[in-house]
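Engineer: In case you want the letters, here they are:
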Amino acid sequence: MSSDTSTALSLTYAEAAALGLREAMSADPTVVALGEDLGRGGVFGQYRGLQTEFGRDRIIDTPISESNIMGAAVGMALAGLRPVVEMRVIDFALCAMDELINQAAKNRFMFGGQGRVPLVARMPIGIWSASAAQHSQSLESWFAHIPGLVVVAPATAQDNYSLLKASLACGDPVVYMEHKELWPNASTVDTNEIAVLGAAKTLQHGSDLTIVTWSRGVGLTLAALNDTQLAGASVEVIDLRSLWPWDQRAVFESCSRTGRLLVVHEAVQVAGFGAEVAASAAEAVGCRVARLGAPRIPVGYASVLEQESRLSPEKIARAARALLTAK
Amino acid sequence: MSSDTSTALSLTYAEAAALGLREAMSADPTVVALGEDLGRGGVFGQYRGLQTEFGRDRIIDTPISESNIMGAAVGMALAGLRPVVEMRVIDFALCAMDELINQAAKNRFMFGGQGRVPLVARMPIGIWSASAAQHSQSLESWFAHIPGLVVVAPATAQDNYSLLKASLACGDPVVYMEHKELWPNASTVDTNEIAVLGAAKTLQHGSDLTIVTWSRGVGLTLAALNDTQLAGASVEVIDLRSLWPWDQRAVFESCSRTGRLLVVHEAVQVAGFGAEVAASAAEAVGCRVARLGAPRIPVGYASVLEQESRLSPEKIARAARALLTAK
Amino acid sequence: MESVGSTSRLLNLYSEMRRIRAFEDAAEEASKGGVAAWGLAASDKPALVRGPLHLSTGQEAVAVGVCANLERADLLTSTHRGHGHTLAKGADVTRMMCELFGRSTGFNKGKGGSMHIADFSVGMLGANGVVAAGIPIATGAAHALKIRKLPNIVACFFGDGGANRGPFLEGLNWAQVYQLPVLFVCEDNRISATTPTAPMTAGDGVSARAAALGIASIKVDGNDVAAVDQAACGLVKEIRAGGGPRLLHAITYRFKGHVSVDPGTYRDAAEVAAAKLRDPLLISSAALRERGVTDKEIAQIDHDAAEEIAAALRDAANAPWPLVTEAYEDIMNTGAGVWK
Amino acid sequence: MESVGSTSRLLNLYSEMRRIRAFEDAAEEASKGGVAAWGLAASDKPALVRGPLHLSTGQEAVAVGVCANLERADLLTSTHRGHGHTLAKGADVTRMMCELFGRSTGFNKGKGGSMHIADFSVGMLGANGVVAAGIPIATGAAHALKIRKLPNIVACFFGDGGANRGPFLEGLNWAQVYQLPVLFVCEDNRISATTPTAPMTAGDGVSARAAALGIASIKVDGNDVAAVDQAACGLVKEIRAGGGPRLLHAITYRFKGHVSVDPGTYRDAAEVAAAKLRDPLLISSAALRERGVTDKEIAQIDHDAAEEIAAALRDAANAPWPLVTEAYEDIMNTGAGVWK
Ligand SMILES: Cc1ncc(C[n+]2csc(CCOP(=O)(O)OP(=O)(O)O)c2C)c(N)n1
Ligand SMILES: Cc1ncc(C[n+]2csc(CCOP(=O)(O)OP(=O)(O)O)c2C)c(N)n1
Ligand SMILES: [Mg+2]
Ligand SMILES: [Mg+2]
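In order, the protein sequences belong to chains S, G, V and C.
The first sequence begins at 4 in this note's numbering and counts up one residue at a time.
The second sequence begins at 4 in this note's numbering and counts up one residue at a time.
The third sequence begins at 1438 in this note's numbering and counts up one residue at a time.
The fourth sequence begins at 1438 in this note's numbering and counts up one residue at a time.
Wrong hints could be hidden among the right ones.
To be verified - For lysine-lysine, the following DSBU-like pairs were computed, each having C-alpha atoms within a straight-line distance of at most 35 Å:
| id | chain 1 | residue 1 | chain 2 | residue 2 |
| --- | --- | --- | --- | --- |
| 1 | S | K318 | S | K204 |
| 2 | V | K1674 | V | K1469 |
| 3 | C | K1713 | C | K1469 |
| 4 | S | K204 | G | K330 |
| 5 | V | K1674 | V | K1713 |
| 6 | G | K330 | G | K204 |
| 7 | C | K1674 | C | K1583 |
| 8 | C | K1674 | C | K1469 |
| 9 | G | K318 | G | K204 |
| 10 | C | K1656 | C | K1713 |
| 11 | C | K1469 | G | K318 |
| 12 | C | K1656 | C | K1586 |
| 13 | S | K330 | G | K330 |
| 14 | V | K1469 | S | K318 |
| 15 | V | K1733 | V | K1656 |
| 16 | V | K1656 | C | K1469 |
| 17 | C | K1656 | C | K1674 |
| 18 | S | K330 | G | K204 |
Said to hold, decoys possible - Every beta carbon over 10 Å from chain G, so not counted as near; a handful from chain C, in silico:
| id | residue |
| --- | --- |
| 19 | E1466 |
| 20 | G1547 |
| 21 | Q1616 |
| 22 | A1630 |
| 23 | T1632 |
| 24 | I1655 |
| 25 | D1705 |
Note that these hints are calculated values from the structure, not bench results.
Note that this is a predicted model, so its numbers are computed, not measured.
Backbone N, C-alpha and C fix where the C-beta goes; we use that ideal spot for every residue, glycine too.
Input sequences plus hints: build the corresponding full structure.
Structural biologist: Structure, rendered in structure tokens:
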């Protein structure tokens, strides 16, 4: 599924995903995509042009039937296809939880390995454009908790290309979480870069503090490094990229050098995936840990309220500074 | 909603819940219950006799329509009732996630406090009787992660009486998680005991190690204290009872005395609620932490497989010993 | 209100539709700018109304014709496209506009915005960001009314696209099983976001589906407010008499894109132009003129509506923002703020 | 198989039903003991078959009559009550019994048990612990067959109670919209666990609901295997000819409780007794006798079935347990075992 020619293209996060899917569909006739409004390119343009290229049989416009979209994908996978499921925003995927958790995730085990469910369920996450409480969630920790699910959260156009292809190739159900605020972000994509699920990327090396983050948190964390609060601090930044499997080796190695771990994510902090990373590091390495996530409040509509649920470079820098100066 | 006469009764966990609900229904005509097979007493006898006493209008047999059961409960709550929702086992509640998360949990906030959703959603959890992967989950960490939800997990008949009444009185949506293996457990219930949501119970005092647990983990942890591996160790055991709110004060106070925290739960360890407790203690107290939960595998049918997902006194004692002797 | 079919009633219906149209037009204008989406680039003009704004422009007759038959104590559940329902149910225009502007004086204190517009004080239990999610809530509210032996009913609006979601079946079955006082109203604009609904929908539509559940329905021209009013009047009477649920299938057309920033280019321009000839305001004003209402009287109504909305816009623009601390309120009595 | 209505075919159908009955009786017996539930105390005899065991005793004619019309490469999704479907689709009795006994030689390596019984090698894609959850899966499998231009079809079994869940609507709508090769089979035993289905179900039942979606159906006496066979034969032909989905509504009766440990005391004893007079095995053997099949021939079939099941029981009891390490296999290629 890798392309023949080496190319470095400038693509947005949305375009990179479309390209990755397009290449996978060209290479493998069993790859299909289904969801609402895909024919018009998807809500965020991430399917633009694909129905024209591959036809209505493979880029499938569906009724508003989230349960059946996900359930049908399970049946398709069992009957020889590799479906990409579009849930539009993760909040609507809540209408398909039985199908994802009870039917997709457990299938391979429950039936003793008789079948496989190679589906990629795309569930855009995150706060975007004053969309309020029912269109702003980030529920990655839910899926990390479920045996049988792979959980992926790309932060860049490159990763949205490479990780989508890796997810399509992996053969087990993948919850693929694109962040809605990243769609327009453009950067260089090397189509020869192959991603490995479970391998983090260390974006910046440092010796005083390790910051582990993913998705929208990555860009904000890198921006935080310029904050005056962090002047003089040597910070290592790790983009986790996939939350299950997650790169324990890279994280533990880093924290045992720095002695301090801050986990940063946009999701609600309480029982967020940061708790898993922090608890694991505390257990395995015994380093100091801290988390920065959203308070346990629904996302509000007015900017001043929404802001309380958002990450910012300033908040990240403050949390990092607090950890650096602790005790 | 407290009873007039002081009584100490011997009741099973199921009977205690039935009594608590019966008293609440007698005291408050707006309390109703809805779910499948309630007229015949519920799958586990936890509604036995109630339809005869209160009639079909208040103990409501429903179609197999989990989405509508939960969604109707939201509408009932908004229109002046205090519904108890029976989901039978938590696995089926996955068919009602939009209704619980998007509709119930966020309602009060999203509408600026115009309404309240005082519903109690009962979702029996846990491994029981070779029920395999689709009837054995414990998903408490999911709900702890969701702003707007209260999360309760009683471990004893007393608590199933007192916490159910407290949940009915609380006025916000409560995810109420009874453990299926506890139904027949009988103990003394004092009907004058009033439970406060968010208050843990310290069941045993100790100075070497704090074990925090809940639900089925409580009895198994107490049993583990007799294991030879723990001979000579002074262990403090805390039953958390409610996971949101959770008693941070009691837990932090205990770990700062003992310097070691083990969190024990039946749910999958990865991104389980133990991660939240352990990470919080590591952050706030800086004590050594460890977790014992299930491996990230679906629950298998054959005993030998199911056993791998179960807690046991021996496993708990081993984890406690490992933490006591660490570094 | 005056008796169905009377001129004074029709004047009221027209006037209510005009208020909604004026509200939608103003909200649309105020939403310009903001983020890139639907093929449009972000503008640098900051939007006064932010976030997804689903306009009911062109569909006013359904909301108005149905709500004319509701009492204040009757309840209503809505969709993502809920402005018309909210105003028609009697909500205050200014508090509504304040909510869209994200101000603390809005119905939801700025916490919900357009997609969660609600006025519980007039029985409007909320717009909803999830398609068809209002249906189960409506059945539960009606169930409560029945259990509490109250004389009121619930109106439950949903879209043609929503009829393909499971809760449609579960909710209608439920309402009929318990013989609940609900009027289901399908606002059939024949489109679901950017996708025509018909090719995604098997069978003969919502009325046939309701009939299969034993629920009687009426199909009506949803752009003719008099026709909607009359049909709703009959169905509401039957429901109030204890007849159980009913369904109103109203055929209408969405003049605008799916959300305010969507230019709707996926639709045939000729189709849109033809549909606009059947603007419910044109149909209604023509009917009024036939009954002898003068152009001047109509112009006065239009003028009053414009004034009312202009005042609401001014008030909303000057209203205070929520305090940061309010982000931690109205969640639960235990929990955030205390516990975090 | 032989042509529909022929005596040799009816003999095969009878024989298949007899095997299923023998299997169910044996499984029931093997499940005795175990935990307290349904008003019964726990017995001290350890159960050989553990966990929820939903018997299809009395409903064999539906599974057999439908599956007689399926090819091996056709697919099937089932319910929690799936033993009959699995055997009728051609699964091996011994591997099935091994699965119920939780042995590593079972179809699912002991990981699933009765509620997840499956034999993918004959196209049986699994029983399901969640009511109606097989419906969307069946539509997806049929969708794949269509996209892959394979000539096969999918049979989708569900219960009368399942028709009140949302996926019933979503799945049937989907199948009709995409004109998929699915035969929906409603096994209507008129009960849902301990609750009669009728008072929980609005309208005229599944056929009416299917008709509202444009899906043609046949209602049939589900205890008469010849009638089921004939009806299924016609519907399957139409489906294979590209006619889109069809529905078979089979009226039957559940002889046993909801699960094996449920004595079913909530049902009227007279009702159960009357129903047993219409045992599908009685109806079928009477029909065979009318065609001149001798008692001896029938007794031989009964005997063979009993022998086959007895052998399966012996093999299952002696089969090996799964290894502990297998708890960590068949989950995902990355993940547990590697990743803890
Ligand atoms: C469960 C769910 N799926 C998808 C969406 C995205 N969405 C919002 S409105 C809409 C179209 C709804 O069509 P219809 O019900 O006909 O209402 P209309 O917009 O035409 O008023 C879609 C798909 C959603 N909000 N909820
Ligand atoms: C979504 C869901 N809700 C509830 C249950 C519990 N349950 C198992 S079988 C059953 C009754 C199903 O009735 P029906 O569909 O008629 O099938 P039958 O048992 O009669 O074969 C119920 C309620 C379940 N398994 N899944
Ligand atoms: Mg529409
Ligand atoms: Mg049944």
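Engineer: Are the hints correct? Go through all of them and say.
Structural biologist: Quick rundown of the hints versus the structure:
1. Restraint check: the Cα-Cα separation between S:K318 and S:K204 comes to about 23 Å, which is no more than 35 Å; the hinted pair holds.
2. Between V:K1674 and V:K1469 the alpha-carbon distance is near 42 Å, which puts this suggested pair outside the 35 Å criterion.
3. A threshold of 35 Å between alpha carbons decides the hint, and for C:K1713 with C:K1469 the separation of about 22 Å falls inside it, so the pair holds.
4. Annotation: proposed proximity of S:K204 to G:K330 holds, straight-line Cα distance about 31 Å (limit 35 Å).
5. Restraint check: the Cα-Cα separation between V:K1674 and V:K1713 comes to about 32 Å, which is no more than 35 Å; the hinted pair holds.
6. Between G:K330 and G:K204 the alpha-carbon distance is near 30 Å, which keeps this suggested pair within the 35 Å criterion.
7. Straight-line distance between C-alpha atoms of C:K1674 and C:K1583 comes to about 16 Å, which keeps the hinted pair within the 35 Å bound.
8. Proposed proximity of C:K1674 and C:K1469 is contradicted: the alpha carbons are some 42 Å apart, above 35 Å.
9. This hinted pair checks out: G:K318 and G:K204 have alpha carbons roughly 23 Å apart, not beyond 35 Å.
10. Under the criterion of a C-alpha separation no larger than 35 Å, the hint pairing C:K1656 with C:K1713 is consistent with the structure, at around 21 Å.
11. The hinted pair formed by C:K1469 and G:K318 meets the criterion: a straight-line CA distance of about 30 Å does not exceed 35 Å.
12. The suggested pairing of C:K1656 with C:K1586 holds, with an alpha-carbon distance near 30 Å, which does not exceed 35 Å.
13. A distance of roughly 21 Å separates the Cα atoms of S:K330 and G:K330; the hinted pair therefore holds under the 35 Å criterion.
14. Our distance criterion of 35 Å between C-alpha atoms is met by V:K1469 and S:K318, whose separation comes to about 30 Å.
15. Straight-line distance between C-alpha atoms of V:K1733 and V:K1656 comes to about 34 Å, which keeps the hinted pair within the 35 Å bound.
16. Using a Cα cut-off of 35 Å, the hinted pair V:K1656 and C:K1469 is violated, with the two alpha carbons roughly 57 Å apart.
17. Our distance criterion of 35 Å between C-alpha atoms is met by C:K1656 and C:K1674, whose separation comes to about 17 Å.
18. The straight-line distance between the Cα atoms of S:K330 and G:K204 is roughly 31 Å, inside the 35 Å bound, and the hint therefore holds.
19. The non-interface label for C:E1466 is consistent with chain G: the shortest C-beta to C-beta separation is roughly 17 Å, beyond 10 Å.
20. Against the 10 Å criterion, C:G1547 falls within the reach of chain G, whose nearest CB is about 4 Å from its own CB.
21. The non-interface label for C:Q1616 is consistent with chain G: the shortest C-beta to C-beta separation is roughly 27 Å, beyond 10 Å.
22. For C:A1630, the non-interface assignment is contradicted: its Cβ lies about 5 Å from the closest Cβ of chain G, within the 10 Å cut-off.
23. With a least CB separation of 5 Å from chain G, C:T1632 falls inside the 10 Å interface cut-off, contrary to its annotation.
24. The beta carbon of C:I1655 is kept farther than 10 Å from every beta carbon of chain G, the shortest such distance being approximately 24 Å.
25. With 10 Å as the threshold on Cβ separation, the claim that C:D1705 sits away from chain G holds: the shortest Cβ distance comes to roughly 14 Å.
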